[in-house]
Every structure is written in C-alpha cells, then in structure tokens.
Amino acid sequence: MIEITCNDRLGKKVRVKCNPDDTIGDLKKLIAAQTGTKHEKIVLKKWYTIYKDPIRLSDYEIHDGMNLELYYQ
Amino acid sequence: MGSSSAGKKHKKDKKHRHRSRSLERRSGVEEDEVQILDRHHRHKKHKEHRHKHHRHREREGGESGSGGRASEVISLEESDSDSSDCVEVPIEHAKTRVREREAPPPPTIRERVRDRERDRETEVSAPPPPQISKHLDYERRRERESDRERESRKRMMREKERPRERSRSQSPPPPSTSRRRDAAPPPPTISSSSSRSYSPIPDNGAGDVLSIEETNKLRAKLGLKPLEVDSGPTKSSAASSHGESHAKSSGEKDLSSYKDEWGEFLHKPADNIKEKKQAEKLRDKLNLRKEKRFLEERLARIKTLGESDEETDNTSKWVDRNKRVVNEREEAKRKAKELEELDEAFGVAEMVEEEKQKARQRAYGDNSLKGLRVDHDMDDFGEGRTVILTLKDQDVLNEEDGDTLVNVNMLDDERYKKNVANKKQNPLSYGYDVYEEQYDELGNPIERSILEKYDDDIDGKPKKRKNFVIGENVEEQRDQRRKLLEIKTKLAGKRLETLQDTNLQLASDTYSTAELATFKKPKKKIKKLRQKLKAEDLEQLAEPSTSGSSNFGSRHGRYRDADDIEMKDEEQETKSTQIKLELDDDDDLERVLSKARRLKQKENIIKKSLPIDVAAIERDIKPEPVQEVNSATSGIILSGTDNNIVLNATAEFCRTLGDIPTYGMAGNRNEDSNDMMDFDNNEQQMDEHMDGHGDEASVSGHGHGTWNSVNPDEVMQPADFDNLGDDLEDRAILDEEPDVGAGVANALRLALSKGYLEKEEKNRPSNTKMAHLQAKNYSIEDKAAGEEEKVGRRDRFHSGPIMDFKDKETFKPNVKLDYIDDNGRILNLKEAFRYLSHKFHGKGPGKNKIEKRLKKMEQDGLMKTMSSTDTPLGTLTMLQQKQKETKTAYVVLSGSNKTTSGVGGAPIAKFK
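Protein chains in written order, with UniProt numbering: chain A, 1 to 73; chain B, 1 to 912.
Only chain B is shown next, with the shape it has when bound in the complex (with noise of 0.2 Å):
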C-alpha cells in the first residue's frame, strides 16, 4: 500500500464497518453460523493475546462476511498457503488488491459478479481452517469494501437511518453463550438506554462495558453480592414522585414511599433542616416557659416587703410578744441560780475545783519535759526563738535509748551543712588528706581516721551527735562554752610571749656550746658509728668529759662534719683530762678512737708548727707515741702535758690559708668527712705507712694537707722524731720552695706548686682517655645555650612579647643564596624567579621559549670565552700569522673580482 488512496481507503473502511454491522442485523440466520464459526477459530489460536477491538473487529469482520459470503470464503482460502502471523498476502490477492486500487470507486457490475462467482467457488473447495485475526481483518475489509461498491444505491438510504440503528446495534449477543466469553468477554455495550442514559461516562469516552445483567452473573462468580441498581430508578422515581411529594408537603412519608415501583427499598431522604431547626426552637420556647412558671410559683410563696403582717403592725401585740421574750430570759437566770444554790448545799463545788486543779496539774507541763534528750547543739537554739520539737523517729522496740526531740528543718540543715562538706572535700583525693593537719577551735590537732566522711555510712550510726538534756545544768554548760568562746576570741589572731625568758645576748659569730649541742648533725655518720659503738661506751667515754671546751666551732662550718663522739675526744684530748682506757677487745672500738686522737694531734701540730720551736714540738709530740704504745699495750692512765691551745691569729690565717688550695681539709671538704674515718679505706694505706716506717715521701704523696695516720702499734724510734720533725717543716702551710738547682724534680715540683704546671687530676676521668665517650657534636656553649633557650622560652611564656629576642653573640652566618639550575648553571634573580615559577605552577616554557633560551645560553658562553683582543674567528691571529710568514708588516689583498671592496678585503677573505 502506502499510498495516498490507501489512507483515504481506511477511513472509508470504518464507515462501512458500521454500515456492515448494520447490514449483519438484517441478515439473521446466518449470524448465528458465523459466530460459530468464529468461536472456532479463537479457540485454535487460543495462544495469541488480542485487543478485544480488535476481536470486535474481527468478529464484525465475520458477520459482514456473512453478509458477503464470497469474500469470506476467500480469506479461508488464504490461510491455507499461509497460518503464520505475519501479513503475507497470495499472489492472487495481491493482484486483486492492484486492481482494487487501480480500479476505480465505481465497478462495474460485470466485475462484481465475476468475483463473487469466484469466491463461491473457492468456499464450495475449500472447508474453511482457522485463521489470524489481523489476517482475516485485513482481508474482510477487503471484502467489505467490495461489499460497499456492490451495494453502494442503497447504503445512501441507509445512511440516514444510521443513528437509529446504531443504538439498536450495540445490543449484546448473549451472554450466556459460553464459559470462556464470560472469561475475556466479548460481549459490546449495555443493552438497555435507561442504564446508559444516566451513565456519567459519555459513549464515545467508554471502554468495555458489560450490562448490569452480566456484571451480576459476573460478580455472583466472584461472591460478591449483586448490584444495588435502585440509584438508577430512585433518580427517576424521585423525579415521578416529586409532583406526589409536593402534593403531600408535609414530610409525612410512609415506608412505601421508600419503595420503588419494584418493591425495592429506595433511600431515606434526608432530613429537613428547616423543619428540625424549627422543632428545636419549639422545644427551647416550652422549656423557658416551663421555668419561668416554677420560678414564679417560687417567689409567690415569699412575702415582699409591701405585704402586712399581722403581728408586727398591731402594736398590742407587738408589746405582748417582746414582753414574753424578757420573761423567757428571766426565768432561765432565776432557774440556773436555784441549781448553784443546790450544789453548794451539796458540797458539790469544792469537789469540782479540787477536779480542775487535778486536772492543770495533771496536764503535760515544763517540769514533765525534764530528761528529755534534745539532738541539737545547744547553741543552734537562739535566745527569743521558738523552736517546735518533735519526737524522733524510732524503733518501737528501742525503749533503752528513750525520747529524743527533734525538729526537722534543723535536722535537715545539718544534712546540708554536712553535705556541703563532704562536697568541699576534693573528690581527688577522696577526702583524705594526709598531709592535711586539721585543728580544733582550741588549736589541739584533731586525729581523724582514714576516710572518715564514709564512717556515717559503714558504721550506720551517725557520729555522736551534739545534745544535751533538758532541766540539766543547762546554764552552766552554757557559761562554760561562753567562757571558752571568750578566751578563743581573745586569742583569735594573737601570739602569746612571755617577757621574761627573753635574756638580751650578745650576737656571737661562733656558736655557743650549748648551740653546738643541740645544732643538728647528720645522722648517718652516727649510723655508721654504732654498727661498732655501743652507746654504754660512748657513756663512759662521755663522763668525764666536761663542758667549757674553749674549741669553739667556727661559724664557717669547719666542725660542721665532725661527730658528737670526735667531738667529745677532742676535748677530752684538748683538755688532756686522765682517760681510763680501757684494754678492749673492741678493737673497733680501739681504732675509732686511735684515729681520732690522730687526727686530734695532727691538728694539733699544725696549729702549732708555725713558730717553729722544736722543743715545744718535741713537748708536744714525745708523749703522744708512748701514750699510744701505753693505750695500746698496757691501758696505763697517761697523763697530758699541756691543757691550752695558744690560737694565734696568724697562724690561724696562715694556717686557712694553705688549707684553702687543698682539697680535702676539713673546712673545705665537701665530701663527708667519713672518708677520713673511714677506717677500712685508709686502713691499707696505713699499713703501708707502717711497712715503710712513716717515710716523707708516703705523707707528701698522701697529699698536702690531708690527715695522716699514725701506727699506733708502731714504736716510734728516736729517729722518727727528727723525721717527724722535717715532716713537719715539709708540711708547713706555706711549704717551703723547692730549689730549683737541685734537680729537675724540684723544678718540676716548683711549677707544679706554682701552677705552671698542671698536675694531671687521676680521680677524674681524663679527657684524653675518655674522649671517644665525649660527645661529639655537643659542646658546652651547646649546653648553655639550651639553658638559655630554656629561660628565654619561660621568660618568654611569662612575661610575654615584651621580651626581646636575643641573638646569640658570636653567631654570623655566612648566608650565600644561589639558586642552581639542572645544568648547574646559577641563575640570576629573573631566572631563578622563572624557574621556581615554572616548578610552582608545575607548567614548563613552551618548545620554542627553551630552543630560544638554550641558543642564549651558548652565545653567552661563547661571549664569555671570547677573547677580547681578537675577533670571534680569530682573523687577527690569522693576520699575525701571516705576517710571521711573510715578515712583512702589511698583507697584500688582492684577487678580488669585486671591485667594490678596499684593498685589505680579499686577502682576509682568502684566509677564510
């Protein structure tokens, strides 16, 4: 197809549908075959899903064709070549199809038969199979159109009546036909036109619609209950029955009413408004009416003010009825005397005072509260205040504890205050500070238990509580509280001094002994002193010694280090009281105190020795060995020589003063002084000492100034005196000068005494030696410097940017910029900028740009190493050259076939 005329056929074609529907009214016997026949064919090609137009379609299709049997029969034909979907249409068919369209509307008549002749043929041959549904459609418009040219007289007639008919052909086929119909129903649109008529939906707008009838088949089908169509009737019963009800106008309606001319119920019309609204003011109008009736029926009963009263407005009887109320009262005064006068003839009265005053007395009175326990402070209760107590909760069973008052606010005041304390507390540290020393009001520290806040709630029972009893010397506790209260108030913020304990003084600079004795030593050494003392030594030791010492302990804190025990011998020696030495087996006990009178003497030569007189030493010193030898040999009580120290203030300076430089001396020393009671250190020394007789050279390499140890067991021999002697004189404070003739050594002890030279120290580490422990990259300065940064980082915190920064002095750095590009060239500033730049943006120069700069680069370079006294193609080299060659001063140029250069042009130019 796809022609303009095709279009055109289409439309035609739909206007003979209708035609050919009406035309298949008319032919009725044969409907009923066609439909079967159709029913055959759907039932064949049950596979395929079909619009129900086109159902429609097909059926009409069918029944026109019953109409035209020919065309019919074609169709059929058809389907046997072909039974697949597709349109396919016969050869044969598409040649009559040419010839439709080429034919004209208006055929022949001549040709109209010849083709029905044809088609009977072909249905008499052929019994008819099923066919498509398209298939057949297309083909039954074909035949229709046929159909149409055949009788095309007539349906002008028919035309006109359309209207009409069509309303009739929308009557269903019946329904009832088949099982499978109701399934996908077929069946067109309601028969009836009083159902369609009041239909909302217009005609044209409508789908599928089945009848009333059939959708009632239909929903008995599914259970549902049949329609309820008297909507439909209702409408028109009400508008056949409006002229009834308007006749009526009342509103009475009866049952039947509701009825329609089926017998079946209709709605309850709704209600009137107007007549209920008017019913309603009715009743309000008799209710009011009903009220104000009792109301007045009310007030008719009182009498108004108007209305006379018999007794008030006769006078007579007015006076008569005041008159009796006055004998009235009389009369009950004369009886209740008469009653009086008759219990006092009884003795009546007196037994009912004695009852009244029984009863005040009986009543709950001050002296009834006597030994009841009031649970507050005392002074919680304000003078002038009234306080309401009550009693307090208890166990019914708890009689031993007895009454105890209360008053509830208070006891809820003490939960707060209590509360609040137990807030105060830091949670931290659960209440408990240990270092916290907490005082009473009267300053005597209070012993608290370890988290006493919980004691309340582990012991159950809450601390004994402030209370006192009532009637008991109440006054007295009061003025004794009051006293206290007093004195704390007086004392609140004051300092209590004595004047007569403070005995003025004069401010020594050494101390006193008595200061001396309570002054605090270190305990240590006493520690390490009692592991071999036994303190009913020292005691003894202690006895005889006597106060009064004239050793006074210089401020400086010489003694500072010194025991109590070393003090004590030292007086003893000092003031050469008789000892009793005992010959101990102690033999610690026997060292210790050997060593301290060593020490003791040592002091004492030195102190002495400066005024050197030898026979004042030899005083001095000669007893001391047979004293040791005695204490050591035989406990012999030894008597000492002399009982003064001559303290000369030279010699006390000098004597500082060649103490000073040594490390060591008692005075100095920083160390404890233990090392020199060390016993067991020095104990191998000493037997050194003892081996080699107590030589010069140990004691000077002992060291200047330190203390030395005497053998005690050793017996001195006269020649140690003098070698005493000289150790003396070599231990003078300011020693004496090595000559420097005498030898390399001596010159070598002068400067080392000198400071020339520096003695290398042995106990510390050395710096050579312990050089790969030091570290490398740290120096002092270093270290200062952190220290520093450390105080200006907190100087910096605390006193914030006012602080200037300080530089370090010394530090200038040499700060050199230079920024280095790949080829390790150093670019200038422009450059360099470029090139961070382009490293920044991370986007490089173009092509071009790089090949520029790059042919830069090498004129530079070439620029650079261009000689300046010759031109870049060293022509005047060259032209020395040449006259070196020639030894000539000038260079002919010639040869040139330009005439226009000078005379220097060509030559120069052959050169090249």
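Pulled out of the complex, with its shape left as it was, chain A reads as follows (with noise of 0.2 Å):
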C-alpha cells in the first residue's frame, strides 16, 4: 500500500491510499470517491506528463508518499 497525495492548488488536496499495481483510471476513481468529482474529469500530472489511465502507478515510479498535481477537464 503507498499513500500518494493529489493537489489540485485551488484548495482541494486528498491523501489517497492506494496499491502500486493499480491503474491510474483506479487512482483517479479513488480520488473522485475523496473530493466528491467524477473520475472521468480527473487529470492527473507530475510537470508535463500526463499520466494514463490504463497504466499502472508502478509502471509510472509513482511510489510512497508522492505528490501528484489535480487538474480538472
């Protein structure tokens, strides 16, 4: 289990318990659960890389305690 912490900067900051052998999309459901928005307009960033859906957190590095950037579309 790693706990990764998502920021959107315009107040809303989640920890998000999660396994590294989950996808993005099952982050970004799990985010959706916490801040109350829906999963499908959920961005997930870390500088320019906009991570993926079906990948996983593992395959992206995405590891303990890592802070990713919220964005909305």
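What the hints contain is simulated information worked out from the structure, not anything from laboratory work. There could be a bad hint or two in this list.
What the hints assert, rightly or not - Pair by pair, the computed Cβ-Cβ distance ranges are: (1) B:Ala-270 <-> A:Tyr-72: 40 to 46 Å; (2) B:Gln-278 <-> A:Tyr-48: 45 to 51 Å; (3) A:Tyr-72 <-> B:Asp-271: 44 to 50 Å; (4) B:Gln-278 <-> A:Lys-46: 41 to 47 Å; (5) A:Tyr-72 <-> B:Ile-273: 44 to 50 Å; (6) B:Lys-221 <-> A:Tyr-48: 31 to 37 Å; (7) A:Ile-55 <-> B:Lys-221: 20 to 26 Å.
Where a beta carbon is used, it is the ideal one built from N, C-alpha and C, also for glycine.
Relying on the hints, combine the two individually framed chains into one complex.
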C-alpha cells in the first residue's frame, strides 16, 4: 500500500491510499470518491507528464508519498 | 466588521474550534442528535457545492453548538428570515454582534446567563429549519466565542492537555452511517495511529485522508482488490525480527518467516549478493579442478621421451624388426614379377596394350572438333592466345543448327561494343541519319535499313554474325583477309591518279563544244518545251546537225540561258545546212522553230549591220522571208545563202556597247530568257505587228535591242525591204542622234537618250502612285542603319567589347534639358535639384518656405518688369510729367512741415 497526495492548488488536497499495481484509472476513481468530482474529469499530472488511465502506478514509478498534480478537464 | 479587533477574533476563533471539538467529545449523547440534524441540513441544501473543510467546520460548529445549545437555536431562528446564500445578519444579531464587539473578552456572568436564557426560549419556539453552512458557520463561530467566554477558566486547564486530546479527536465518525457520505465522504483523518506513523506525508501537509478500512470499502465498491497493507507490518516485523534473523544468521529462512503475525505473506527478502558471489566462486573452483584432473589423466597415458621403450632400447630386437621390414618388401616385389610373367604367358599384356590405344583413340581430339562452328570473328582470336570456348546455350530440340562454340567473355565484349555503338548514335535522330552515308572498309556504301538498330530486337535474331567453322580452310580465309587488309592500309589516305588521261590543254576563254554539251542548263525550260515538243521530233532535228559550229558561247554566259534546242537550231541556221521541214500539224513546234529562227535572224542582222552594206543585207535578208513563206506554206527544201559569220572585233565591241544599257538583251538579262521564247506572251504583240505591217513605230516601241518577231505567215512586200533597211539603220547600236531641230519630239527623244530626261519606268510602280503604300516613318537610311546595327550586334557578340561604338555620322542632336515647375517657370540648377529631391522623397517644403519662395519669386518678377530708367514707384515719370505741366525745368518743393528734409523732399511726397 502506498499513499499519494494529490493537490489541485485551488483548495483540494487529498491523500489516497492505493496499491502500486493499481492503475491510474483506479487511482482517479479513488480520488473522485474522496473529492466528490467525477473521475472522468480528473487529470493527473507530474510536471508535464499526463498520466494515462490504463497504466499502473508502479509503471509510472509512483511511489509512496509522492505528490501528483490534480487537474480537471 | 472590518476592524483589527475582528481579525484577532478570527484567530481566537480557530483556537476555539479545536477546543470545541475536544469539548464535543465529552458531550457524547448530544453528538448523535446534532449529526442527524446536520445531515438533514445537507440533504436540503444539496445543490450547493461545499468544500469539505467547510463541512467539517460546519459539523464541528454544530457539535459545538450542541455543546452550547442556546447559540444553535439562535442561528436556526435566523434562518427563518433568510434562506438565501448571502450572509445577512438580522438586526437583532447585528446588535448582539456589536455588543460583542464592544464587549470586552471577560464578560460578566450575568450577561451570559441572560444570553442562554434567551436562546432557550427561541429554541422552544422554533423548530430547526435548514440553513446555509456559511451562515451557520458564522453563527456558530459566534456562539463558540460566547462559549469560550463562558468557560474561561476551565479552558486554560484543558489547553495543557490539548496535544493528547487532538489525536483522539481525529477519530472519524463511523463511516457506515450513510451511502451518501461515501460518495462525498466526510470522514476525517485516520483513526489508527499506527498507520499514521509510517505515512510519509506529514500530518499538517495532508489533505483529506481515508483510513485503510474505509479505502478498502471504497475499493470493494469500485471493484478493486483490497489494499495490500502488509508493507507496514512487514516493516515492523522486519524490525522486530531483526534480532531473530541475527540470531539465526545463516540465511536459512523457512517459509513461516515470510508471514507476519497475522498469517499474511511477507515479501521475500532480497538475495544476499555476497553469498551468491561466494557460491559462484566455489562452483568455479570445483569446475577448474575437475578439468585439471581430466587433463592430467590424459597426459598420464602418453609416453614421455624419458620413459624407456623396450623394443628400441634392446638392440637385437631393433635389428629383428628392421629385417622383417626388408623381407616384406622383397616378398612383394617377387610376387609382382610372378604375376607379370603369368600375364605374358597367357597373352593378356597385348590385349591390355590394345585397349589402351583404343582408349587413346577414342579420346576427344582435334579432329573431333572438326565441323564445329565458332560464333566469333576469326580475327578475335589472336595468335598464341588461348581462348576457352564453351558450347552455346541452345534449344534441346533445335538440332539442325548444330553445336556452336562461344566464349562468354567475348560475347560480353560484343554486347558491350554494340551498346556503345547504339549510344554513340544521336538519340534525337533515333539513330538514323538520313543524310549520313556510311562506307565499309573498302569504300562501298553500306545499304542501311531504316532504324536498323532495332532490327535485332524486332526480328528476335541477331544480325548475321561473323563466324567460322573449325577445320575449314582457315588459312586461306585468313590469307585473303590479310591481303584485303594490306590493300586497305596501302590505300588509306591516298588517291588514285592515272598519268595517261591528263592531256595538257590550253586554257581558253570560251567553252569548247564538249564543255558546252556537258554544261548544265536550267531544266525548267526544257520542261516547258517538252510539253509541246516530242523527243522524237527533236531527235529528227538534231540528226542532221553536226558539231564543230563556230558559235562558241562566251564565258560571259550569253548563251547560258539558251536552250539545247535553240543551240541546235542556231547551228543549223548558221551553217545553213539543209533542213527538211515537214509541214506539220503540230503548230506548236512550227511556231517555236520559226521563232527561234527569227531570233537567229535578228542576231545575224545585228552582227552584220554595222558595216552597213545594203547589198549584203539584202542578200542576207532576202531569202529569209522566202524561206519563211516556203516553210510555212509548202515545205520546200531551202538552201541557206551563206555559211559564215564574220565576227568583227569592233562590231562585237560596239554591239556590246549598244547592248548593255538596254535591259533585256541576251547577255545582260537577268530575267529568264523564256520571255523571249514565251510564245503566248508575244503572240499578241506579234499580232499587232502583223496588223500594222511591222512599221517602225511598233519596232521602236517594242524597245530597242529586244527581239522582234516577224510574222512568218505574212508575205513581205518589196516595200518592206526598204523599211527593214531603215529599221536596221534605226536599230544600229549607236543610234543616230535625232535631229533636234526637227521638232520637239526629237528633242525630247534626244534628251531621253542622253539621259537628260528620265523616262518614267512603266514596269516599276511609280513613286507618286504608290506613295500611299510607302512607309511614312521609314527611310532607306533607317533600314541601312538597322542592318548596320545588326551587324554591329553580331560583331559585338563575336569580337567582344573591343569594338568601338560607331556613331551615326550625321546625328548631331540638340539636347537641351530644362526643368519647368508647375507654374511654367524654368528652374535653375539649384531649384531643379530641390524640385526633384522633393519629388523623390515625397515630402515637400514647409509652409513658410513655400511662402518665402513665392515672395521671392514675386519680387523677382517685379524686378524683371521694373524699368531700368525709373524707380519702382515711377517717381521719375511723375516728375517729368509735372515738369511738362508746369513747363519749367524745375520743380518747387514746398509745404513740408519737417524742416529736416531738403528742398526737393516735399513736392515729391505730395506727388505721392
């Protein structure tokens, strides 16, 4: 289990617990559950990399305690 | 609000919130109630989106409100009046707020009591309606404030305990309460302190966090597998088992060690690289050993040099062995001999020999190559060169062609040569030059077909190749060829000349008859004649004529234009051989002949006319008409009177003199002589002559020196002879000068002949008539200039820039370059420059400048118009007028009030 912090810098900041073999899509769903936004509307970014839904966190080398940028589309 | 005190309050407010939270823990029973109420609120105000923090606060506020119930009630009361979003505070509240603001932090107990009482009353009266969070928040904050005031003392005590309490306070409300909450979950931070401890994210930096259990529930709903929560415990177990593993130390871990205390699997610990390496080393060592042992074993079997050998060491044994070897050899020899003897005895040897010979004979030799065709030129095989030939690829079924031998390399060479040849030909003309004639090595023209280079491709079979057959008279062919080659080389660059045929001849000015005969005549005349004449007729005519005529055409080309027939005719005439003229139905022939005769006659006349001898003339001329008549009418054979022509040098000279200025004479003619022979053209004129009986006027009108026709049908009258004589006189080469005194006509004629008057040329379009057709802006000079220019241009290209530019000689242009401004004034250099400059820059002078210049111009104009004898104001004339009036030589100057002026000052001023 890892814990990831997602922050849109507009006031939402959530910490999400997830597995490393979860996909980004799963993560988005979890985030959606916590923030109350629709998961389809969530965009996760790190710098200029937009994380894609079907890819696993471990493949993106997202580790425990990492900070992801939360955007909406 | 808006004051500094308000800000302070806010800060305090925050602190208070924490406190109130801790407070609400205490009041356990009330909490549930409030939550239910709270949920009720949210349900109603579902549409507005709120941040969770807000909600938290709200809830907390509610909870705190439950702690201080009175304040809560007040807020509910407010919501009655206002259900909208805006933060509007009723007057009553405003009052309280103001009062609070005014009120110092330590309020009296009395006040607080009163407050509470009021709150309770309102609570009883009104049920709790839904309320906006912000509103509530605000209210609750205020309430909290009052709460804080209420419990001022106790708080201090609690504050000391706060850190401990806070951790407890973060425990979430039970998540199972509602579905809706899950979707937008309110649950606060994780309850378990253990999971929190290993979280890398600091507490204060974290946003919303779900507990593991909650997350697991969520994941279950989303269809994900539960969180792998082993990592934390693994760590702890690793930490805890560290001591054990140390104790075990050998690295042998049973499976149970991978499980944590709850029986779940742990990660397999990483491999120990050091151990691995050690194992590897050990294995290598063992392998090495094994190999070594194997090698040693193998080496042990081999005898070394130092080791003793029984056979070689022992001398007697060695000798025995050698003997044995020699014996065996001898035995073998003897056996072979015996076998041979046996063979001879049975005669087998001869048979063997025969066999061998036969085999040799059967072998493929030179003679078996005979008749094979080689598909190359024999010259390609140089002497002393070995060329390997192979059988050419052929159809299996194609037997009639027989075998041919080729060399692959040579075939390639040939193909290459052919390609090169094809490439050499100009592709634009498709390899076929119509005008190019090709010769083979012996100088005979090669007949070529059109586009022959494609013949191979079209026909599908190659051109006949040079080939030869082995065994056929190769040597002969070679010799023949060699001879040809020798001849060719000898002939190369040489021209054959025979010495026999070159007879030396004197160069002559005139053509010999042979030359004349071979002389090329324009063909078109013959063509015209052929339409009328027949070859047979001509032959007949030509038959009696013999060569050796004394009439040699001059090199000048007098006779160049004359026809064959003419020539022959002339010859006939001059020799005056007997001609048999048949009265023919062929009028054309008749006419042509007669015409030719006439021409000849004239010629004769002219030739002989100079030494005018009437008798001779008569002698010459007389028979002619007779002959004509006869030929025309009866076809009697006539005999000519004289055979010779006297060519007198002076006569000849004079004749040419007379001839040259006239246009259209035989030698001087540029037009085709056909005019002379053109029967149809002349016919009408002839008719006229006939009508007018050939008078002089018509003759002279016909033009001096041109051929005249005599009507053969007409019978000449005796008077005509005289006329003819006169005519001849008239036609003398150097005309007799007309008598000027005789009349104007004669004078005119003289003038014409002398060239004083120019006769208007009829055949040319007159200048006056065609004036309208002439170019107006184009003169001959221009044309010449154009040509010159053309030549110049060509020269320029060819000779480069060295050539001088040739000026036109007469061209002296008068160039005057004036600049004129808009007013028509001629500008001087400076002004012109300024003008151009302004134009160029597109920017005129300023307004002041323009005015200044205008002024100046005006002044200039005035200056120019000013008379040089007077002042600009004309005072002098005025003075003179005055003097005229007064008739005095002076003018009295008076009436000046100014004393300074002189005598003449005032009157002038008066004039003004």
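The hints, checked one at a time:
Taking the beta carbon of each, B:Ala-270 and A:Tyr-72 are about 41 Å apart, inside 40 to 46 Å as hinted. Checked against the given bound of 45 to 51 Å, the beta carbons of B:Gln-278 and A:Tyr-48, roughly 47 Å apart, stay inside it. For A:Tyr-72 and B:Asp-271, the hinted distance range of 44 to 50 Å is satisfied, since their beta carbons lie about 45 Å from each other. Hint check: B:Gln-278 to A:Lys-46, Cβ distance near 42 Å, so the stated range 41 to 47 Å holds.
Evaluation of the 44 to 50 Å hint for A:Tyr-72 and B:Ile-273 yields a pass: the beta carbon distance comes to about 47 Å. Under the hint 31 to 37 Å, the C-beta atoms of B:Lys-221 and A:Tyr-48, about 33 Å apart, fit the expected range. Judged by the Cβ atoms, the range 20 to 26 Å given for A:Ile-55 and B:Lys-221 holds: they are separated by roughly 23 Å.
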